[in-house]
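**Student:** Assemble the whole structure, with the sequences as input and the hints as a guide.
Chain order of the listed sequences is A and B.
Mapping of the first sequence onto our numbering: position 147 corresponds to residue 148, and the numbering continues sequentially without gaps.
Mapping of the second sequence onto our numbering: position 497 corresponds to residue 498, and the numbering continues sequentially without gaps.
If you're looking for bench data, these hints aren't it; they were derived computationally from the structure.
There are no misleading hints in this set.
Remember, identical chains collapse to one label, so a pair may be satisfied in a single copy or spanning two.
30 angstroms max Cα-Cα, derived DSSO-like pairs, lysine-lysine:
| id | residue 1 | residue 2 |
| --- | --- | --- |
| 1 | Lys466 | Lys96 |
| 2 | Lys477 | Lys96 |
| 3 | Lys96 | Lys462 |
| 4 | Lys187 | Lys109 |
There are 2 protein chains.
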Amino acid sequence: MGGMTFVDIRDRYGITQLVFNQETDAALCERANHLGREWVIQVEGVVAERSNPNKNIPTGAIELLVETLTVLNASEVPPFTIEDETDGGDELRMKYRYLDLRRNAVRKNMELRHRLVMLVRQYLDQQQFLEVETPILIGSTPEGARDFVVPSRMNPGEFYALPQSPQLFKQLLMVAGFDRYFQIAKCFRDEDLRADRQPEFTQIDCEMSFVEQNDVLEIFEGLVKYVFKTIKGLDMTEAFPRMTWAEAMRLYGSDKPDIRFGMLLNELKSCTEEGLFTVFDSSEYIGAICVPAAATYTRKQLDELTEFVKRPQIGAKGMVYVKCEADGSFKSSVDKFYTGQQLASWAEVCQAKPGDLLLILSGETHKTRKALCELRLEMGHRLGLRPKDQFAALWVVDFPMFEWDETVERFFAMHHPFTSPKPEDIALLDVDPGKVRANAYDMVINGVELGGGSIRIFDRKLQAKAFEVMGFTAEKAEAQFGFLMSAFQYGAPPHGGLAFGLDRFVSLLAGLDSIRDCIAFPKNNSGRDVMCDAPSTIDPAQLDELNITLKPIK
Amino acid sequence: MGGMTFVDIRDRYGITQLVFNQETDAALCERANHLGREWVIQVEGVVAERSNPNKNIPTGAIELLVETLTVLNASEVPPFTIEDETDGGDELRMKYRYLDLRRNAVRKNMELRHRLVMLVRQYLDQQQFLEVETPILIGSTPEGARDFVVPSRMNPGEFYALPQSPQLFKQLLMVAGFDRYFQIAKCFRDEDLRADRQPEFTQIDCEMSFVEQNDVLEIFEGLVKYVFKTIKGLDMTEAFPRMTWAEAMRLYGSDKPDIRFGMLLNELKSCTEEGLFTVFDSSEYIGAICVPAAATYTRKQLDELTEFVKRPQIGAKGMVYVKCEADGSFKSSVDKFYTGQQLASWAEVCQAKPGDLLLILSGETHKTRKALCELRLEMGHRLGLRPKDQFAALWVVDFPMFEWDETVERFFAMHHPFTSPKPEDIALLDVDPGKVRANAYDMVINGVELGGGSIRIFDRKLQAKAFEVMGFTAEKAEAQFGFLMSAFQYGAPPHGGLAFGLDRFVSLLAGLDSIRDCIAFPKNNSGRDVMCDAPSTIDPAQLDELNITLKPIK
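**Tutor:** If you want it as structure tokens, here you go:
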């Protein structure tokens with residue numbers, strides 16, 4: 002540009018324009034012309050007002066008229082462009098994560114993560130919570146997901162486990178009288194991975210003594226409101242709705258409903274006359290959502306939706322639609338089975354208005370509700386009812402205490418084995434454990450389970466009873482959780498708590514699709530760090546010291 | 002006590018006296034008489050001023066006249082008394098750590114730890130440091146201490162390692178342009194244990210870009226001063242002294258000198274005439290400390306000190322003393338070899354005054370200095386010169402870059418392999434690596450190495466050179482640290498950092514003898530958690546999934 006050379010210099014805080022003037026110092030300008038992308042330089046000069054300010058960047062009003070230039074480090078041409086919209090694929094960006102992290106879009110997420118944990122600590126500290134570090138090398142507990150284990154050199158044949166959560170330790174801290182505990186805790190699960198799962202993840206882990214469910218909900222609702230106010234400038238003045246698990250399943254087909262929009266599930270079984278349509282006759286459940294102003298959907302669009310619900314992840318066998326035409330008539334894929342009047346009665350149940358579209362699925366209750374939930378979310382997405390900058394939070398409460406596992410034919414704890422039943426349901430433990438509701442709660446925002454917790458059992462006998470329902474012998478319970486049961490004998494206070502997924506919390510605030518984007522050095526779906534090439538083989542001498550050998554790989 | 006029953010109720014915040022009045026409510030009073038130690042109760046009543054206030058406790062001015070009493074949980078009699086001075090032995094207290102943590106003395110340490118990390122985060126946040134979590138499941142790096150490893154189920158035959166520190170990741174964050182990073186980071190070392198070592202420990206881990214050594218020292222000196230000011234009310238207004246490693250070794254026989262007191266090491270080799278005393282003649286080094294006003298030490302006391310230095314941990318062969326008598330004469334264990342005048346010349350070198358005592362050790366320089374250091378610390382202790390409430394901090398700088406390892410006959414990095422040499426010593430890398438000084442520094446307080454760090458190499462070629470000196474082939478360097486070397490090619494800024502041992506920091510502030518007392522759930526010297534009984538055996542099916550087998554134990 003005539004006698005000038007312009008160079009953008011970038012640091013963590015932004016981009017500033019450097020100006021080298023051919024007339025003032027030709028040699029310096031010549032050197033500037035040979036600078037390359039991503040070089041690290043040091044400059045001195047005079048800050049001046051730009052004649053053509055760049056209003057898109059904070060430092061766009063000024064430029065630096067450079068007087069001295071030192072090259073601190075040169076750079077090869079990077080394997081992808083360091084820009085918000087990069088040309089680098091996922092694998093390449095992960096291999097060179099240290100370059101990917103230079104991108105504004107990624108760095109912003111890390112800054113947000115830092116800010117969030119600072120705020121969380123500040124809030125909890127003010128509420129008298131103590132941060133206590135619990136150990137990473139702990140004992141293995143078979144109940145729950147698969148543990149990562151660590152062979153002990155000093156105790157041959159024995160293994161530590163990495164914690165899936167600090168659950169037992171935080172309960173012991175309550176027994177220790179710590180009253181209010183928190184920790185930003187690393188947790189580990191050796192599970193197969195997907196976009197929102199990593200082998201290691203971080204929890205905002207909390208526990209309180211002398212509380213009932215409402216105390217916990219109020220403290221942590223306060224935390225979430227404080228975070229949204231401070232980071233997003235959002236005033237969440239209303240109390241978060243509290244919805245029972247049963248209601249969430251009935252109205253949304255999900256225990257983590259996205260309540261940014263309506264389009265609730267309606268049950269049609271009672272108003273679909275028997276003997277007309279065999280598919281409906283053989284269905285335990287028939288449910289419909291009413292999509293506003295979508296009666297104009299074409300055959301092609303409806304076929305697309307049918308394909309959507311028939312995908313194996315969703316698993317519906319088919320979809321029935323009813324168009325509530327603007328003229329008050331009805332057009333449906335089951336026209337030949339039902340009269341207009343019958344269809345009208347369905348529309349009435351769904352509170353459909355002329356111009357709306359009913360989408361109907363049928364089958365086994367639980368599965369069909371889940372499929373309808375997916376369809377509802379998809380329609381919400383298509384209709385733009387799920388904007389990322391709008392946040393709708395609620396508490397889901399009264400979860401079932403146990404789930405029956407068909408495969409091993411026993412009850413498992415839905416939350417975890419230390420969750421207390423609702424006092425009014427304790428009597429059901431003996432007669433109908435599947436009906437027992439737990440003092441457990443989840444916080445859900447925009448359809449994401451941000452966290453959850455429960456009031457815990459603090460009575461040795463009740464804990465023993467719970468283990469019994471889950472099919473533990475007294476010996477097995479003692480072997481696995483003896484120290485907790487023993488602790489309950491020495492004056493354990495009533496206690497309860499909650500854990501938020503930090504990775505999810507950041508993703509939600511940043512509007513990310515994958516938690517990977519808010520983790521500095523994530524693993525890929527095979528659990529590999531492709532940058533460091535970990536895991537890797539280790540020296541046979543080390544295996545020897547650890548008293549283990551590798552099995553030949555088949 | 003007449004018609005009254007008094008009960009002390011304890012929570013995290015203190016002890017309050019409850020009063021049950023026989024006259025007001027006899028039944029309630031009767032129930033209070035049956036409460037046991039460590040029971041968990043809930044009471045309601047009226048707060049009243051105590052007629053006999055207890056000035057030793059914050060709530061000693063009031064009492065609660067109880068109107069209702071609910072027993073929330075009873076308690077067995079605890080296996081030891083929950084008091085500052087408990088009757089429980091170490092093993093018992095660890096087994097019931099949840100009861101041990103109820104003791105005021107232990108809980109206070111956890112509260113201090115919480116407060117310290119809050120302050121550290123606050124300070125670093127204000128200085129624009131970003132807290133970034135680095136992974137716990139990383140690749141194994143053979144250079145350094147022994148790694149804990151984690152078999153990977155998804156990558157059979159391969160292992161993750163647990164980090165000994167986030168070193169490589171924090172350097173990569175600097176390459177990523179993060180400018181200022183910190184993390185309160187869990188670190189792991191599979192080493193044999195002792196009082197100040199745990200298999201997992203916590204570091205305040207920091208790194209900065211575009212800095213020189215002085216920038217790092219100033220920031221972290223500021224942090225330490227801020228902590229001492231806030232927690233201890235101490236104004237450390239003076240700049241911390243900076244002492245070279247060579248000077249510290251010469252004057253204190255240690256790279257972590259306790260400078261709360263003098264009693265420096267004096268070198269006597271040049272003033273001990275040859276041919277008089279064979280032990281001195283054959284010694285490379287002869288050093289003395291001058292113990293003030295200790296010439297009155299008895300034979301027995303001196304014999305005791307001789308035994309002290311001859312212990313295997315210290316390893317001196319014997320000790321020579323010179324009493325500088327009040328009358329100006331000298332009395333020494335080497336009287337028969339040296340004249341009074343010769344002894345006087347030693348006393349002069351040591352700046353001894355009449356009434357002082359010289360203690361002299363001789364032998365190989367490094368070993369003898371270390372032994373003298375131990376003797377100096379012991380004498381400082383005996384003379385009450387090391388009070389726990391007095392704090393003397395300094396920086397030790399200019400560490401040697403390499404140490405020669407006799408066993409494997411190669412140089413190792415004294416700090417770590419990424420430490421940069423002092424620019425003026427780079428030329429020595431080729432000709433005399435043992436003489437190269439590093440841009441490395443330690444902060445030492447009261448003889449404890451609180452932390453340390455270095456300015457790092459950020460140039461690929463210099464890093465390759467350093468690896469070469471340490472006997473790495475180019476292939477081995479590439480295999481182990483290739484991703485770091487590669488990162489240096491893409492515009493790495495100059496950077497450096499530091500890590501403080503959090504456990505040590507808390508111990509120092511709390512005046513503890515063992516870091517265990519500031520860790521909620523520590524391991525014993527065999528790496529066991531005796532409360533949870535971890536590590537433990539795991540299910541053979543799990544070993545199978547992990548593709549490993551146990552070797553039969555010999």
